[in-house]
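Colleague: Top line first, the protein sequences correspond to chains A, B, C and D. Following the numbering used here from start to finish, the first sequence increments by one per residue and tops out at 337. Following the numbering used here from start to finish, the second sequence increments by one per residue and tops out at 674. Following the numbering used here from start to finish, the third sequence increments by one per residue and tops out at 1297. Following the numbering used here from start to finish, the fourth sequence increments by one per residue and tops out at 1920.
Derived from the structure by calculation, the hints contain no laboratory data. Any given hint could be a false lead.
[Unchecked claim] Listed below are the simulated DSS-like cross-link pairs for lysine-lysine, each with C-alpha atoms no more than 27 angstroms apart in a straight line:
no., chain 1, residue 1, chain 2, residue 2
1, C, 782, C, 837
2, B, 656, C, 936
3, C, 800, A, 132
4, C, 880, B, 663
5, C, 871, B, 663
6, C, 782, C, 1215
7, D, 1493, A, 326
8, B, 469, D, 1423
9, D, 1493, B, 480
10, C, 782, C, 828
11, B, 480, D, 1405
12, B, 663, C, 936
13, D, 1405, D, 1803
14, A, 210, C, 837
15, D, 1559, A, 326
[Stated by the list, open to error] Going by beta-carbon spacing under 10 angstroms, a handful of chain C positions derived as facing chain B:
no., residue
16, 714
17, 840
18, 842
19, 863
20, 913
21, 970
22, 980
23, 1006
24, 1095
25, 1096
26, 1098
27, 1104
The beta carbon of each residue, even a glycine, is placed where N, CA and C say it ideally should be.
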Amino acid sequence: MTDTARYTRSDFQTDQEVRWCPGCGDYTILAAVQSFLATLDVDREKHVFVSGIGCSSRFPYYMNTYGLHTVHGRAPAIATGIATANPELTVWVITGDGDGLSIGGNHLIHALRRNVNLNIIMFNNQIYGLTKGQYSPTSEVGKRTKTSPMGSIDRPFNPVSLALGSEASFVARTIDMDRNHTIEMLDAMFKHEGAGLLEIYQNCNVFNDKAFLDLTDKNSRDSNRIWIRDGEPITFGADNEYGVVVDGEGARVVEVAKAGHRNIHVHDAGAPNPAIAFALSRLSYGPYGPTPLGIFRNVDVPSYGHEMENQIAEAQAAKGPGEMAKLIRSRGTWIVD
Amino acid sequence: MTDTARYTRSDFQTDQEVRWCPGCGDYTILAAVQSFLATLDVDREKHVFVSGIGCSSRFPYYMNTYGLHTVHGRAPAIATGIATANPELTVWVITGDGDGLSIGGNHLIHALRRNVNLNIIMFNNQIYGLTKGQYSPTSEVGKRTKTSPMGSIDRPFNPVSLALGSEASFVARTIDMDRNHTIEMLDAMFKHEGAGLLEIYQNCNVFNDKAFLDLTDKNSRDSNRIWIRDGEPITFGADNEYGVVVDGEGARVVEVAKAGHRNIHVHDAGAPNPAIAFALSRLSYGPYGPTPLGIFRNVDVPSYGHEMENQIAEAQAAKGPGEMAKLIRSRGTWIVD
Amino acid sequence: MSDETLTDERPVPEQIDDVVIRFAGDSGDGMQLAGTQFTASSAMFGNDLATLPNFPAEIRAPQGTIGGVSSFQVHIADWDILTPGDSPDCLVAMNPAALKANLSDLVKGGLLIVNTDAFDERNLAKAGYDTNPLDNDALDAYQVLGAPMEMLTKEAVKDSGVKGRATLRSKNFFALGLMSWIYTRPIEPVLDWVDKKFGTDTPVGKANVMALKAGYNYGITTEAFHHTYTIQPAPLPAGEYTNVVGNTATAWGLIAGAEQAKLPLFIGSYPITPATTILEELARNKNFGVKSFQAEDEIAGIGTALGAAFAGRLAITTTSGPGLALKSETLSLAMIMELPMVVVDVQRGGPSTGLPTKVEQSDLLFAMYGRHGESPLPIISTSTPSDAFEVAFEAVRIAVTYMTPVILMTDGYIATSSEPWRLPDVSALPDISRPFASIQDGEEFLPYVRDPETLARPWAIPGQAGMEHRLGGLEKDATTGNVSYDPDNHESMLHTRARKIEALGKSLPEVEIFGEGSDLVVLGWGSTYGAIRTAVTRVQKTGRKVAHVHLRYINPLPSNLGAVLSSFDNVLVPEINLGQLSRIVRAEYLIDTHSFNRVLGQPMRAREIETKIYELLDQEVSS
Amino acid sequence: MSDETLTDERPVPEQIDDVVIRFAGDSGDGMQLAGTQFTASSAMFGNDLATLPNFPAEIRAPQGTIGGVSSFQVHIADWDILTPGDSPDCLVAMNPAALKANLSDLVKGGLLIVNTDAFDERNLAKAGYDTNPLDNDALDAYQVLGAPMEMLTKEAVKDSGVKGRATLRSKNFFALGLMSWIYTRPIEPVLDWVDKKFGTDTPVGKANVMALKAGYNYGITTEAFHHTYTIQPAPLPAGEYTNVVGNTATAWGLIAGAEQAKLPLFIGSYPITPATTILEELARNKNFGVKSFQAEDEIAGIGTALGAAFAGRLAITTTSGPGLALKSETLSLAMIMELPMVVVDVQRGGPSTGLPTKVEQSDLLFAMYGRHGESPLPIISTSTPSDAFEVAFEAVRIAVTYMTPVILMTDGYIATSSEPWRLPDVSALPDISRPFASIQDGEEFLPYVRDPETLARPWAIPGQAGMEHRLGGLEKDATTGNVSYDPDNHESMLHTRARKIEALGKSLPEVEIFGEGSDLVVLGWGSTYGAIRTAVTRVQKTGRKVAHVHLRYINPLPSNLGAVLSSFDNVLVPEINLGQLSRIVRAEYLIDTHSFNRVLGQPMRAREIETKIYELLDQEVSS
Ligand SMILES: Cc1ncc(C[n+]2csc(CCOP(=O)(O)OP(=O)(O)O)c2C)c(N)n1
Ligand SMILES: Cc1ncc(C[n+]2csc(CCOP(=O)(O)OP(=O)(O)O)c2C)c(N)n1
Ligand code: SF4
Ligand code: SF4
Ligand SMILES: [Mg+2]
Ligand SMILES: [Mg+2]
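Chain A with its partners taken away, still in its complex shape:
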């Protein structure tokens, strides 16, 4: 972030009316993203926002950048096309828990494993908002919705675990209410080369209000937000009285006093092996009870877009730039006179 910012937030606002329900968590995320982009020294026209379908996926209409509001679930694939066609661009994917994990799950995991140069923001409200309240792949077991009137029997995904199982090189989690942390995560993802996934717990006050209460309620949040920070021991609670240890059974929450401070796990987001990041992702099975927030993994891997350009450069160096006249003769010719 530079201090002589070229842009202000309003440079990233469009003239389109924002059409979310009053009180929706999407508003705060929009504001955070706009504010964040204004701090960057990246030409506005180099940003591209690509979304699927859902409440969250209307996002690009509100960003005064290039943008595509595409079809349900396909944003990671379409964005992959943009990002590999032109790796000079900064490509953002906006998706929801339904868009990104239900219909779009496959494109998401493939974009992650390929390490395509994308910044993927997943608005996880644990519900289908736009279609008016059906359970999603992150809804908890037992959730009653119009399509699960007796309670959902689907075991949910943990998006962070899924991403790590998909070889993601950057995975983080934040919550809509915490604007500063959201911006911190956006910044880290932006700086990371290749594919990043940022899961944002986002409140849908119409169809799934208070889903994240454990993490947002004044009384419970301090003891439930496990901040994970690279290079720091993982402690939390109002007085950092809780901590996380990692051993041969995985990661678990302990009282620091009992476990001893030197046994508290020091987080290493850059560890080449994703095993511990995965273990941390299992501290909670959703936004219930102590739940880690922050960057789980952040490792350097060359991005797909650049790898592709490298091969072209190599091919041109080896064979010379393509010549049509040569190509059509490459299978042998003969002359008829």
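With chain A held as given, fit chains B, C and D with the ligands onto it using these hints.
Modeller: Relative to chain A, chains B, C and D with the ligands alone:
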């Protein structure tokens, strides 16, 4: 397995000519599955084999059971329909690394998270066989194929990691050449309730011969096959001179003599937390060097098919069986005379 | 407030035959509810009716703006009506945006009821009004009646227990009360509903009741509202009626079909507007043994349905255009596997995401040809909300009898609108079951040997011993069903699959002609039924000869259709698309149809069809 | 073995005009290679030619069985031929299964060359022969020439360094050598190829050369083979030629299009037979700046292409039927976003997985109507392997000029067969580039304001300052492209998108009529070109009047097509489907076409069309 078997292997063979290339690993897997089924006390007509498209996916034609050879990538979804429609059936999914992880990745991860009562066998030959040799989502970086003449730049999936990231309750791996181990894995998966994934390294001798040489070659296999067995310390090598330890950095291979036997990790496939299973899956990034084989995870979770039946029973208990005459009157009626 | 206040001190109301009323307000104003309740009272009162909800694609578009306006139109009458009406006779406008968005539809001289409290500067600006239309001559062409509904509602509910801004939520009940007064509707059905939904003891329940009565009383006490109206009950055929919404009728028809086919119902679907409520209604009825599966996407929706069909269940999948696109590949598989399945396409505005909450008939050619290779399927369509019950039942019958997927076409208008439905005697529904395959001991099971009449192949399901068999997407041998690359077998299988559709055609009823003469026939399908029938009837009343033919079956077309159409000089085909049925009819019968296409995201209007009919008739005369 | 042995001691060969030869053997026998090399020599020799490979759907079906037979047919001639021939004049059968599978096609009296070594009991049984056809009168109708090819090959290559069973691998080269002798083909081109591929010093290279020469010499030394044939070079127009396979020509046409459109090419595709080799050919040419992306599925294939199009690249996606089904939804999005893209559909046998390695023309109606909503797209088709270059180039031109996805239809026959192609002067290819959008300072960028002639909207790409804009699948305002729910705007946009196709139509060439008269015109599209033209020419030679019209453009149809077709009494439409173009033509022009449909997974045969033409002409006469 009973000793007074009702069936012999030939009861599970069909009159269709087996159309794989001579020497293909698919033959040994077919034989193993047929032999295994013959040992079970399950009526032949209760088995259903469902596949997508690929060399491996021709499998159902050779099984004298009910079967579907469907469309590319969709077998887990179609099988989900069968298994939830009738949980009394034993439903097997046969898929390949292309079919199951490329086009079909989404259905696979959703079937796993839902814990649908399916036994999924993935033939991983790290190549597209049927379309004549393009790289697949499990092919190694740098692999040269017709669609990657300068080497693939796609980072591969580790199918076991992906399955664990998808909340799978049973995940195992074996290799086509080892018939006994294959049958042992099939048996464990069959006994497990809900979704199981068995990855089988399968040699495609035409388009990707010797991909698993580290694990099959006489000279290298002993030092590269890490057998993982529930309740046992993980040691391997001709003289069990190697072992695996798990600590705050993940799992790694050590010399038992140096690390000390009591530090060797004792495998717990039934651990509710998948973190250590995931750590084990990271011991290798493919069938190169020391690679774990066996059951990574095997936990009890109620199956989707039964959960669905339970809700129906509950609904009927609460509301009585459905009556059409009542249903059409449920929104209020009036009489016109 | 005592109940006496509700004693009718009503001046004799004017008796009218029918009225079209539109409730319009902000998405958050509860207009859908007010309209639905008004409809329910009218139904109970014995009127015939038809409704048309209309809402924005957003969950809640910005308050107070044109984009955020939601409306509900209802047509009530003392005669057998078929459409929600072309233009409202009465418009309730809860705010300036609602006025602006709907005024041009109101008939000149129509009744305009406005919530004057909402006409403040902020709201006027949001709606794009420079000056307040209530203050100038902008509304001179209408009878304008204003009421400060917010103030009155707040006042009325002050003892309910509801506090603050939330009190305003009941203003739709105020409007409903007032409208009930003006149109002499009973308010008891509404009171019953509130009781069931909230209980009359809860703050919300109390507030709604208080607001409703306040609105009604406001009519009584305010002279301005003393010109009231009444519409006599319609002479509907005797019977028991319910007011049914199209998607509900579809869901019920499918359940009835499953019952009569003696098969447990399995639905694999992915939510999509405007189809979702079919899935939701089926999910609610698990006590019928219904298994409802919310899939990860549409491909899995039809995939699970296909699996369930193989397992011997009645397989259903429901969707709208974009989802139908995703089902295409698996539908072709289901076709070649010859497994029964009903695929419901609730058409919406296209292409792409299009106008997702609006009506369109533009998936017809897609349903016909939307699969690679030669992949013919039966297509059946529903004309009205209640017709959906019968059509869904019929789709099940065809699927099971002919062992084929069937595409059932409905649309966003039928899906969400309602009409009175005379309840059928469900115990008299036909048995449409077809036994599973069976073989003698030692006999070889041949999964592709067909019934000579229907050409249906046998259905053997996992669990049945001795009939183990494999199905696949590769071309199959004509008897064993094994993979066959034989050229002649392939060609013959293509013809056989086509002939199965023809076999179905032979068993179907011929089309009926409504009307006579040979000048002009209007040919329609789907939700244009009411508009076409109304238009044709009106023209007929003038003594001109014009006929109406409406299709339920589109593939195959009814056997006498070609002859019927050829017996007319003109064939007019009104469609909410750019001429899709027209194209099919042209190719089939080489008849030079007149396409009439209005694609506005709205139901067809009878008046426009009427105009078009006259245009053609007059051309005919003058030429 | 010294080179002298190759000195021609040839008796004067019989001069023939053309010959159709089919090499047939087990999938593992290398028949595709033998055929390809025979073709290459003939091409170098100056003959005109056409080829037809044919292989099983399995990678390697069970050895020795009918299902495992692979064949390669080539037609060589001293005149301008158009098809690989209906029936071979000469059949090479490497084993009993190959004989059984192909014999019925061989013309009576034709030359039959068999590898006698393969006719042992095991192979005969696998092929389903009870007795050895070489030993009885089964082959009396043919000229049978046997050679113990395996024994001779083994013997010939014994010093090559290749050992054991592997020596047998060269038997295809033995057969090739023998055939080169019989048909007086030069073997030098084959020697060159072996050198390039294996090097003549490697064991495999040596073995192949040795086997080739041995086969040739066997012809010289064995009296039985002393009746040889020669076919003079064809009087092809002067120029430089290559023998091009359809999919390669398609790939090259796309590259040429990208070059002339001044856009880097991006292909996002998922492998599928018979389209894969286009992706593979493009992947090979990264030095042209081609970015080739092997996607996770077809949806991602077109998805990435759409993204690349938005980013300002020439976007390509290639597939076959099942994949086209999966692309439907995104294709509709690309259509409404009005982004340029070429979608190549290499049609194969359907429905479902169908006959994946065989030819069919059954995706035409799917290409036309295979999207939900009103979603019109240009459709263009290629008639021959070399035509594919031009058509692919033209598809790029249309996509970029009109800002639209274009569907390019080809098929499994064109994809895999080859013909001599006179190389175009690529430096003279037209510039088909269209500048990206630009605006004046302060001007507002309006992404949906159109070019008045083409109706193309401007193309502004990320990275261009001041033109930031958002595209989506919801209906869009006619100028700003912002979301619009306005009813009239929607209807008008539907018409505008339809008019864009019409605008394209106006710019396209009219169809040309080959032939004259008014009795009968044969209307075709795609790979039936050669068969139709051959049939029509043959009939014309008898003095009867019959014409041929072949379509390159199918949507929109050429502007004069209706008039042209109406000027004939009969319109015959031969198609490898159940009448799809026929249906389009009927709907469009109300012409009662005669469909002629053969759907055998094989190219149309000229002879069958010829028969059909006579049938119609004679009916005409007698009626
Ligand atoms: C192909 C297709 N299927 C289904 C839909 C309907 N649909 C639109 S958004 C949505 C789910 C949205 O959920 P999510 O991604 O969580 O977004 P949210 O609205 O909660 O932000 C669905 C099912 C569609 N538009 N297209
Ligand atoms: C929709 C669709 N896309 C593509 C194909 C082509 N295809 C068939 S099998 C296959 C890949 C098979 O790979 P894998 O699953 O690994 O199976 P294997 O042949 O290696 O056993 C592909 C791309 C197809 N049949 N259908
Ligand atoms: S429905 Fe939920 S997610 Fe959608 S805009 Fe409203 S509050 Fe936000
Ligand atoms: S191509 Fe490979 S995987 Fe397929 S049958 Fe042959 S050896 Fe097996
Ligand atoms: Mg959501
Ligand atoms: Mg494979």
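Colleague: Verify the interface restraint on residue 840 of chain C: the C-beta must sit less than 10 angstroms from at least one C-beta of chain B.
Modeller: With a closest approach of 28 angstroms, the residue 840 of chain C hint is violated.
Colleague: Under the criterion of a CB-CB separation shorter than 10 angstroms, is residue 970 of chain C in contact with chain B as hinted?
Modeller: 4 angstroms, holds
Colleague: Just to be careful: measuring from the Cβ of residue 1006 of chain C to every Cβ in chain B, is the smallest value less than 10 angstroms?
Modeller: 8 angstroms, holds
Colleague: Hint validation: residue 1098 of chain C versus chain B, beta carbon distance must be below 10 angstroms. Holds or violated?
Modeller: 8 angstroms, holds
Colleague: Between the alpha carbons of residue 782 of chain C and residue 837 of chain C, is the straight-line distance 27 angstroms or under?
Modeller: 40 angstroms, violated
Colleague: Should the interface hint for residue 842 of chain C be scored as holding, given a Cβ-Cβ cut-off of 10 angstroms against chain B?
Modeller: Interface hint status for residue 842 of chain C: violated (28 angstroms vs cutoff 10 angstroms).
Colleague: Holds or violated: is there a CB of chain B closer than 10 angstroms to the CB of residue 913 of chain C?
Modeller: 6 angstroms, holds
Colleague: Assess, step by step, whether the Cα of residue 1559 of chain D is no farther than 27 angstroms from the Cα of residue 326 of chain A, and give holds or violated.
Modeller: 18 angstroms, holds
Colleague: Quick check on the hint: residue 863 of chain C CB to chain B CB, less than 10 angstroms?
Modeller: 8 angstroms, holds
Colleague: Regarding the pair residue 1493 of chain D and residue 326 of chain A, is the alpha-carbon distance no greater than 27 angstroms?
Modeller: The given pair, whose Cα atoms are some 18 angstroms apart, holds under the 27 angstroms limit.
Colleague: Run the distance test for residue 782 of chain C versus residue 1215 of chain C: straight-line Cα separation, threshold 27 angstroms.
Modeller: 24 angstroms, holds
Colleague: Going straight from one Cα to the other, do residue 1405 of chain D and residue 1803 of chain D come out at no more than 27 angstroms?
Modeller: 51 angstroms, violated
Hint compliance for this structure: hints 1, 4, 10, 11, 13, 17, 18, 27 are broken, all remaining hints hold.
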